[in-house]
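Chain order of the listed sequences is P and X. Taking my numbering, I'd label the letters of the first sequence as residues 1 to 395. Taking my numbering, I'd label the letters of the second sequence as residues 1001 to 1395.
Worth flagging that the hints you see were computed from the coordinates, not collected in a lab. One thing to keep in mind: the hints can contain errors.
Stated by the list, open to error - DEER-style ranges, computed between Cβ atoms:
| id | chain 1 | residue 1 | chain 2 | residue 2 | range |
| --- | --- | --- | --- | --- | --- |
| 1 | X | Q1167 | P | L89 | 53 to 59 Å |
| 2 | X | E1032 | P | E60 | 26 to 32 Å |
| 3 | P | T18 | X | S1201 | 25 to 31 Å |
| 4 | X | D1118 | P | N394 | 47 to 53 Å |
| 5 | P | K65 | X | S1186 | 37 to 43 Å |
| 6 | X | T1148 | P | Y8 | 25 to 31 Å |
| 7 | X | E1255 | P | Q57 | 43 to 49 Å |
| 8 | P | P334 | X | N1015 | 49 to 55 Å |
| 9 | X | K1390 | P | G88 | 55 to 61 Å |
| 10 | P | S97 | X | G1120 | 32 to 38 Å |
| 11 | P | K161 | X | E1060 | 56 to 62 Å |
| 12 | P | G120 | X | N1290 | 52 to 58 Å |
To be verified - List of simulated lysine to aspartate or glutamate pairs, EDC-like, C-alpha gap at most 16 Å:
| id | chain 1 | residue 1 | chain 2 | residue 2 |
| --- | --- | --- | --- | --- |
| 13 | X | K1300 | X | D1377 |
| 14 | X | K1011 | P | D121 |
| 15 | P | K169 | P | D118 |
| 16 | P | K11 | X | D1118 |
| 17 | X | K1387 | X | E1032 |
| 18 | P | K11 | X | D1121 |
| 19 | X | K1011 | P | D118 |
| 20 | X | K1350 | X | E1032 |
| 21 | P | K53 | X | E1060 |
| 22 | X | K1053 | P | E60 |
| 23 | X | K1161 | X | E1146 |
| 24 | X | K1169 | X | D1121 |
| 25 | X | K1188 | X | D1155 |
| 26 | P | K387 | P | E32 |
Each residue gets a CB set at the ideal place from its N, CA and C atoms; glycine is no exception.
Protein chains: 2
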Amino acid sequence: MKIEPLSYYSKRSQNVPTSFVREILKVASDPEIISFAGGLPNPAYFPLIELQKCVQQVFEKQGTKTLQYAATEGFLPLREFIAERYKGLYGLEVSPSQILLTNGSQQGLDLVGKLFIDPGDRVLMERPTYLGALQCFSMFQPVFEEITLEEEGVDPVELSKILVQTQPKLFYCIPNFQNPTGLQYSHKRRQEIAKVLSATSSILVEDDPYGAISFSEELIPPIYKYLPQQTILLGSFSKTVSPGLRVGWILASEEIIRRLAVMKQASDLHSANLSQHLLFQFLKTYNFDNHVAKIRAAYKAQRDVMIESIAAFFPPDVSYTKPKGGMFTWVSLPEKIQARALLERALKEKIIFVPGDSFYVTQPDLQTLRLNFSNVDRERTRQAMKKLGKLILNY
Amino acid sequence: MKIEPLSYYSKRSQNVPTSFVREILKVASDPEIISFAGGLPNPAYFPLIELQKCVQQVFEKQGTKTLQYAATEGFLPLREFIAERYKGLYGLEVSPSQILLTNGSQQGLDLVGKLFIDPGDRVLMERPTYLGALQCFSMFQPVFEEITLEEEGVDPVELSKILVQTQPKLFYCIPNFQNPTGLQYSHKRRQEIAKVLSATSSILVEDDPYGAISFSEELIPPIYKYLPQQTILLGSFSKTVSPGLRVGWILASEEIIRRLAVMKQASDLHSANLSQHLLFQFLKTYNFDNHVAKIRAAYKAQRDVMIESIAAFFPPDVSYTKPKGGMFTWVSLPEKIQARALLERALKEKIIFVPGDSFYVTQPDLQTLRLNFSNVDRERTRQAMKKLGKLILNY
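Assemble the whole structure, with the sequences as input and the hints as a guide.
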């Protein structure tokens, strides 16, 4: 065989940034390591017993339907449930034909990339942004543009300028408890951003895996509400029920969903039925809001400990976000300390986190790092933050 | 919003051929229609009771592991099972690190496309070929080349000529009971084809969803055996256990699997755990060969009825394949009858099939059609073939 290894693979595949997170997570299999690196939900709040009961009901009710080929769009009753929920929460008129079920919302990104991005197309990303979106979109060879993420979301004036200058096909953002920063767009900013976008032909890709995990009672509607024809909203059950089931969804116009379904059919025909049926049975049998309330309370308590420990043990020239939901806080170290170097020292103390540089398209801020607070209990979080604070102080 | 609808979508997405099969299947939801159109396994042979038992064991043994994020490559014990099976059946030395689990083998095609096909690259297809592969690869904008599929496989001399002339990156074929023709490559042809390919830098994509559903005891090894470094072999549990679980796999060199796993991670992180765990539990608890033997016997009986009915009721100027396995037979009508026109008349008799034109890259043979024999019982098959024969006779 005469393959010249690198040149033989597609240009696209050589374009995908590697995941430092993934490399760290391999290290994290040592059970003594306390990991703030992953983005894992806390398995203590998975509804294991409930799902175990539901799975029998699925087999009894659905029978061989669970095992046969099924519609690309996904299990209709589950799509109806999702559509109804948008109505109940935000008063949105959503038809099930506007919902496409996906293998987690990561597949939503892949399908959106397939449908919209030609090589050289511009895609605007928040700065910093979700690494998985960078990896996924990279496969479609866009030119990435960046816009700084501020405390209340991206700045509408800055956004308008960049949209006019670069004419991106897509603007990708995570308005609720962003990965990696934990920041949430204010209601006002959302409306302003919708207005700015409506004057352009850029499509908003609003990724919302964390929205349900809010620590306050304030319910801010998705930007989709103010820009329904031009928004693709991605949702997921990964943070509320279980990521292992791999059930996410896309909400968009019927026209876009119809086209995304063609992309999905070509990609994997349809998602696993058992996951979809099981999830629907769970949602029908139990009270979803009560279930999510437990997770919200638990993660809020874990966030409190993390933020209080950082305040108590980190030197005052360290800044950090105080997330109102989700799973992450974002830390900025003093200029003399690079996060990768700190990680090396932390590893010796059996503590890991993700250095922030992976989350930038260009010119990474090397002083940043991401801490996950959903997956370590309170006491160990406190102890680890104390150790981490000492490492920073004595750097 | 100023979107000009068509130009706004990616070129790739406008490139995907539509599925006439899918359109027909929508019609087929009328319960009175006898459908030979789909490619559905017969649900009567799904191991429903067994899987229902196994799913409880999965929850008891795996607990929250089933619900958490998991490795992109898939559940290791299942990958080990697949590797062992290649050893047991064909004496192949396969490591689990050469196996990547996918959402059905359709996703295998997507990942292969992602890793290898740049726009304008050549991809060689059998003539006719699987529509789903055409749809999937189309998204990566290759130039398709064709090679005629003969009774015993493609002709090695012809293959060599085309490989030299067009230098395709990939040669895609389905050597066992091909979709749509039902044909199987002979052992001799496989060895010749491997030899021809070994002198080139083209990669063989050997798609094998039907291999286990053989109606004879003759066990022909995959072409992979004779060309392991240059072959990507796709497998699936869709036709043997259940398509709704969406579990397929890719076997290739460790180097290629490592790169395909990066593509999969960017595409959907990983496949649904519950499907993988459940399948493994089934394979561990029950005898897979005995299970598959039941399906083979049942489909063989259904094929026999179809072939005998065609012989009895179709005029002698109709030719057709006599598949030694799988789910399809391929019919060539007399020149005056086009399959689409025949379908219109058949629909009035509440019988449907797939006209063959969908399965060609260029210059479709309009007199061909595909009949599925796995999903209709023997008596109804016989009656329907009688009606279809009459329609052809009286055309």
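(request) Tell me, in ascending order, the numbers of any earlier hints that this structure violates. (result) none
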